[in-house]
Amino acid sequence: MSQAYKRQKLNNDDTVDPADLRRRRAAFLSSLSRDVSPPLSKRQATEVANAETVQYPVANRSSPSQVNNGPEKNDNVKLVSSPFKLTTIRDLAASDNIDTVSLHDILGNPLVKEAWIFNFCFDIDWTMQHFDPDVRHLVDVKIIHGSWRREDTNGIAIDEACARWPNVNAAKAYLPDQFGTHHSKMFVLFCHDETAEVIIHTANMLAKDWTNMTQAVWRSGPLPHQQGGADEDAQAPIGSGSRFKQDLLAYLKAYNKPCKDLTNKLSAYSFANVRAALVASVPSKIKMQTGTANSSEQLWGWPQLRAVLRNANKGRDKDGPRPHLVAQVSSIATLNKGWLDNLVEATGTGLSTPSLSIIYPTGTNVASSLDGYASGGSIHTKAQSAAHLKQIANLRPHLCQWSDSKKGRFRSGRGQAAPHIKTYIQYSAKPTQENLSLGNLKIDWALLTSANLSTQAWGSLPRGGKEESHVHIQSYEIGVLVWPELFGADVDATCQEEKHTRMVPVFGKDLPDAPAQRADEGPETIVGLRMPYDLPLTAYGPNELPWSMHSSYSEPDVLGRTWPPVGCKPMSTSLPPVRFTGHQALTSRLVLSTLLGRPIHISGIRPKSPTNPGLQPHEISFLRLLEAVTNGSHIEISYTGTILLVDGRNERGLAYFLLPICLLAPFSKAKFNIVFTGEGVITSSVDKYGDISVDAVRTAVLPLYQKFGIERDIELRIVQLLFGHQVRLPKTLHLLTPGRVKRVRGVAYATGVSGSNNARSIEAARGVLNRFVTDIYVFSDMGSAALVAAPTKDEPGRKRKVGLGFGLSLVAESSNGCLFSADAESPSEGGEPAEEIGRRAAYRLLESVARGGCVAVEAAPTVLTLMAMGSEDVGRVQMGKEVVASENVVQLARDLSAFGAAGWGFRPAAGADEKA
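No gaps in the numbering here: position 129 of the sequence shown is 137 in the working numbering, and each next residue is one more.
It is worth saying that the hints were derived from the structure and are not from the lab.
Here the structure is a predicted model, which means the values were calculated and not measured.
Warning: the hint list may mix true and false statements.
[Claimed, not checked] Listed next, the in silico DSBU-like pairs over lysine-lysine satisfying Cα-Cα at most 30 Å (straight line):
hint : residue 1 : residue 2
1    : LYS616    : LYS696
2    : LYS801    : LYS750
3    : LYS180    : LYS293
4    : LYS180    : LYS273
5    : LYS807    : LYS121
6    : LYS398    : LYS450
[Claimed, not checked] Here are the computed distance ranges between Cβ atoms for each label pair:
hint : residue 1 : residue 2 : range
7    : ALA276    : HIS145    : 18 to 28 Å
8    : ARG915    : LYS121    : 36 to 46 Å
9    : THR619    : GLU895    : 46 to 56 Å
10   : LYS273    : PRO141    : 19 to 29 Å
11   : THR361    : ALA394    : 49 to 59 Å
12   : PRO523    : LYS415    : 19 to 29 Å
Glycine residues also receive a C-beta, built at the ideal position from the N, C-alpha and C atoms.
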């Protein structure tokens, strides 16, 4: 019986504004994750030019997810929160995630109506999950990427995802140079409350980048509509909101047609409250004679950085201590002689050239990170050739580690999270324990950007003669540069007149501490800059080298793995075969050999069997099938000392062949079209060998492939299996919450026997399961038995029926998409009532669910194999103890180790029962 709800009586005279309802809903949703005290400060409703009231958010440190909108101040000191925010690290404690930002914080606003996403790598399906679920299919999403090559897997994945999401459209950025990339990382959001926001950050749109890697974000804050359509000041000073808007629109215009609509829309919004300078790159050639701050030609790359810093350095003390530049990057390309010196000189415009440190992780830094060596897939430099090693030797005086265990250092809380962030920060002096402890270390300027150390990102050295020299830039990059004077209370049109403003490093939070003692020099503004790394820096040891994903590391990482992972080792015909003894796990070992490219040698196959030594008929059939669907396989079978007789009968269920073939199919470029016919095709389960039914493969195993991003052209019928698409590594799996069983589905089948057996087995199964779940539907499938020739001497035309019997296949689905299956079939000799078959299937299903975890024991080898063959990120799945201890899973772990493939570690599941 349906439940009646009271309906509130509405006054017909009142009108409800839909926009107002959306705003109220957004405020309510926001309040659910906000502490009760202190209350959230109200946002200014109108645009205000006074920098004091529009400073970057100051987070309430009692709640990592809460953000306020103004600086803290007392009579003499105003404290301003960091303009750069670190992203949340999944596997760190809440105390290390104070004042951090998650992707859901950025995209999860239910008022978002249009989102432009600029990036290098994308996982569209994963990205869309971070929009509010009520508007996820309504938000107009525009993807800007640079994967223009037809064979580019990133571009193929984007196109496939756009086909699945009608509200997502993609456009390619034009890259005139084959070595250029679209490396910019930016969101532009438009909301129903008539505001816009620009977010510039450092992370790819991939799960691994937003979970356990150090990243950072700059947010413009809500941008209101421009009042009265006023024009922006074409000569606005660098650092002002008007100049930021001018440079951003120029950057978007460089895309031409793909961003024309965005450029027009964004030009209608006011950036008056923004205090930052845009530093970006687009594919271009910059004439050097125009390299001045107010040049009529738009500057990009290091010429633009030089122009911005000429303005930021005005009024600085030229006779003070030598400044120190720290370039912290996740990639170091091959650099031409003199290029790095030129970049450093560009940052020292108007002042003495700073000394230099470069933070780039060592192999030990990567191995000790949360995801171990898997984090290194996003961190790039080369250390193989003599030229590479020579460059490292030249850089060694500047190289510093990402993390160190020394005591007494100022900790950022990000030493365990491998870096993908890129920052360039100039300090007033080289950071030391002394000047940090005394609070004397100041920051002259700070840049958060997508640009690493490369000529493609920043531009080449000037080429050509003195009269016509130019700088060649090949890639798209974008970043934000800030300096302390931008945040003073008395900033005027020059952005430089606040005399008592300083920027200081802060650790573990965004807001700087007020000084315990200070001279009475009038009001002071202190701006915090959240540090992504520890200070003071730790130089490389004499034998330490930068991490290189192209090198080999035999020392196990924190997860017990070595590098390179599966799939990265070069193929070689000289590799020795992996040797096994016995017939156990034959199909699994053959599949692993095929996927990993390692030869295997199997001996001692039933040597002591008096009646059936060597390979059995079903095993030979699988070898023939494997040879038919693979390219270049060579199979040798030794018959020495035995006589192998093969008859056509088969005792194994069809799942014996289907499960390993399904594992091979996603890695095949050609489409699989496999037809199983004949007397030996057994589609039911076979208890004798533990084979599950074809229905269980279809309903409980194949759907798991979708969790790895393998879902195109999967079709399984009783007579046909189809696979085939562009080969990509399976996505990283994170399946940690089983959920509650919400429904049960199944198929009852009867072949050549009375259809009443189906009804009786279904009724018996319902009698067991209805106590636990009411949403049960079982389909009844009846068919006639096949007639096959069975001639005898007396009856040469004799035929007989095959495949007689009945059975039941059940699958339970949880609220989180976890699947559990069970089968039961009538014995070949008959004599067992249908009610017993139904009850047996139901009890087996309950046992499968009761084992705990997210994966049933029948599907565990498939899931674990796909995880081992997946991308470099660390996958996680919760399994019951009985599943982990099952014979098939233990044997798979041993075989993966023998092949040198990725292994796995175990730890108790947080919050799970004792079975998980």
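Each hint, compared with the structure:
For the suggested pair LYS616 and LYS696, the alpha carbons sit about 21 Å apart, so the restraint of at most 30 Å is met. Between LYS801 and LYS750 the CA atoms are separated by roughly 58 Å; this puts the pair beyond 30 Å, and the hint is violated. About 21 Å separates the Cα atoms of LYS180 and LYS293, which keeps this hinted pair within 30 Å; it holds. For the proposed pair LYS180 and LYS273, the alpha carbon gap of about 20 Å is at most 30 Å, so the pair holds.
Of the pairs offered as hints, the one joining LYS807 and LYS121 is violated, with about 68 Å between alpha carbons and a cut-off of 30 Å exceeded. Simply put, LYS398 and LYS450 have alpha-carbon atoms about 34 Å apart, too far for the 30 Å limit, and the pair is violated. Under the hint 18 to 28 Å, the C-beta atoms of ALA276 and HIS145, about 27 Å apart, fit the expected range. One distance hint, 36 to 46 Å for the beta-carbon pair ARG915 and LYS121, holds here, with the actual separation near 42 Å.
At roughly 24 Å, the beta carbons of THR619 and GLU895 sit outside the given window of 46 to 56 Å. LYS273 and PRO141 have their C-beta atoms about 26 Å apart, which keeps the hinted 19 to 29 Å range intact. Between THR361 and ALA394, the C-beta spacing of about 30 Å breaks the proposed range 49 to 59 Å. Checked against the hint of 19 to 29 Å, the C-beta distance between PRO523 and LYS415 comes to roughly 25 Å, which is consistent with it.
Figure legend: structure checked against the earlier numbered hints; hints not met, in rising order: 2, 5, 6, 9, 11.
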